[in-house]
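Since chain V is already given, all that's left is putting chain R on it; use the hints.
The chain contents come next:
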Amino acid sequence: MADSPEKRGWIRRIWNWFWTPAVAFSSGFLIIAGFLAGILFWGGFHWTLELTNTEEFCVSCHTMETNLGEYRETIHYNNHSGVRAICSDCHVPHEWNHKIKAKIMAVKDVYHELAGTISTPEKYEEHRLSMASSVWKKMKASDSRECRNCHNFDYMDFTTQETRAASEHQRAIDNDMTCIDCHQGIAHSLPPDYLEEYQNVTEALNSDSPEAQQQQAAADRDEIRSFLATRTD
Amino acid sequence: MLDFLGTIGGNVLGLPGILGLALGMMTRRLWLGAVMGGLVGVLETLLFAGWQFAHVGTLELMIAIAVGVCAGTLGSVIRLKGATA
Chain V
1 MADSPEKRGW IRRIWNWFWT PAVAFSSGFL IIAGFLAGIL FWGGFHWTLE LTNTEEFCVS
61 CHTMETNLGE YRETIHYNNH SGVRAICSDC HVPHEWNHKI KAKIMAVKDV YHELAGTIST
121 PEKYEEHRLS MASSVWKKMK ASDSRECRNC HNFDYMDFTT QETRAASEHQ RAIDNDMTCI
181 DCHQGIAHSL PPDYLEEYQN VTEALNSDSP EAQQQQAAAD RDEIRSFLAT RTD
Chain R
1 MLDFLGTIGG NVLGLPGILG LALGMMTRRL WLGAVMGGLV GVLETLLFAG WQFAHVGTLE
61 LMIAIAVGVC AGTLGSVIRL KGATA
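Protein chains in written order, with the UniProt record's numbering: chain V, 1 to 233; chain R, 1 to 85.
Simulated from the structure, these hints should not be mistaken for laboratory data.
This structure is a prediction, so every number in the text was calculated from the model and none was measured.
Backbone N, C-alpha and C define an ideal beta-carbon position, used for all residues, glycine too.
A few of these clues could be false.
So these bits of chain V aren't anywhere near chain R, every CB distance computed over 10 Å [unchecked claim]:
(1) Ile14
(2) Leu51
(3) Val59
(4) Glu125
(5) Asp154
(6) Ala229
Under the rule of at most 20 Å between Cα atoms (straight-line distance), these lysine to any residue pairs were calculated in the SDA-like manner [said to hold, decoys possible]:
(7) V:Lys99 to R:Val12
(8) V:Lys103 to V:Thr52
(9) V:Lys137 to R:Leu2
(10) V:Lys103 to R:Ile18
(11) V:Lys137 to R:Leu59
Bound-form chain V, shown alone (with noise of 0.2 Å):
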């Protein structure tokens, strides 16, 4: 019979099976053992996750030692405190749907390692800018959230800041401005025309707002008024 078990392929006896009442065990079986899976599945992938959130995954791709290097000088690496910031603190999001995300996207790392985009001085200096860039327009987008893991306008004590940094952290709550405003090259070095470049990133999530939209739609609508009373007359 070309139905029989024998004959079926190995894809279909597994189909059948995985659909097949499981009448050897009790439900209570079936539980206990689905919930444990479900512990070392899920411990699994999250350390899996961790594991990728090193410093030590980061930069073990050639194409990091150029942002490492500058990362090294700055006050995120080594500080009076000896508390430090690496790579997943500032590029990685803390919250789960948006940590899932950023792993995904990172795909493009590797594809750009393996294409070599940003292989010799020359070529990351010529990307510089848009890589930049592309930083600047999450951090603007997300209100600096993987910065304010750490830091927090409300746990900040103006009276121990220098002069001139309590008078810009009080400027930036006055005016809602948010930190990548102000620190763009806070932990790698900052490309030529890196304010012109901002300022763009800035209109461009501004013209994205509801609020802009709104003020478009009213243009669009008195543009209509005005062309169809022009009409009329």
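What follows is chain R alone, placed relative to chain V:
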């Protein structure tokens, strides 16, 4: 494109994907599984936006709902296929 795929992946491995699937497996009604999954998508987006509608991105909300609906429906299909009683 990468941003779009990342958002889908984040939702598949996040609440809409996992809780949506689990809730879908609690019913044989496909529409109910889809609705429950979609609701999880809405709640998840609001949760990550700090419960402020102004911070909710339209695209992110749509993707979360779509993933939730698919996961909920798949959960109900699994229930139909895998449960005898």
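Results of checking the hints against the structure:
no.: 1; hint: Ile14; verdict: 14 Å, holds
no.: 2; hint: Leu51; verdict: 17 Å, holds
no.: 3; hint: Val59; verdict: 22 Å, holds
no.: 4; hint: Glu125; verdict: 23 Å, holds
no.: 5; hint: Asp154; verdict: 15 Å, holds
no.: 6; hint: Ala229; verdict: 32 Å, holds
no.: 7; hint: V:Lys99 to R:Val12; verdict: 13 Å, holds
no.: 8; hint: V:Lys103 to V:Thr52; verdict: 9 Å, holds
no.: 9; hint: V:Lys137 to R:Leu2; verdict: 15 Å, holds
no.: 10; hint: V:Lys103 to R:Ile18; verdict: 18 Å, holds
no.: 11; hint: V:Lys137 to R:Leu59; verdict: 17 Å, holds
Hint compliance for this structure: every hint is met.
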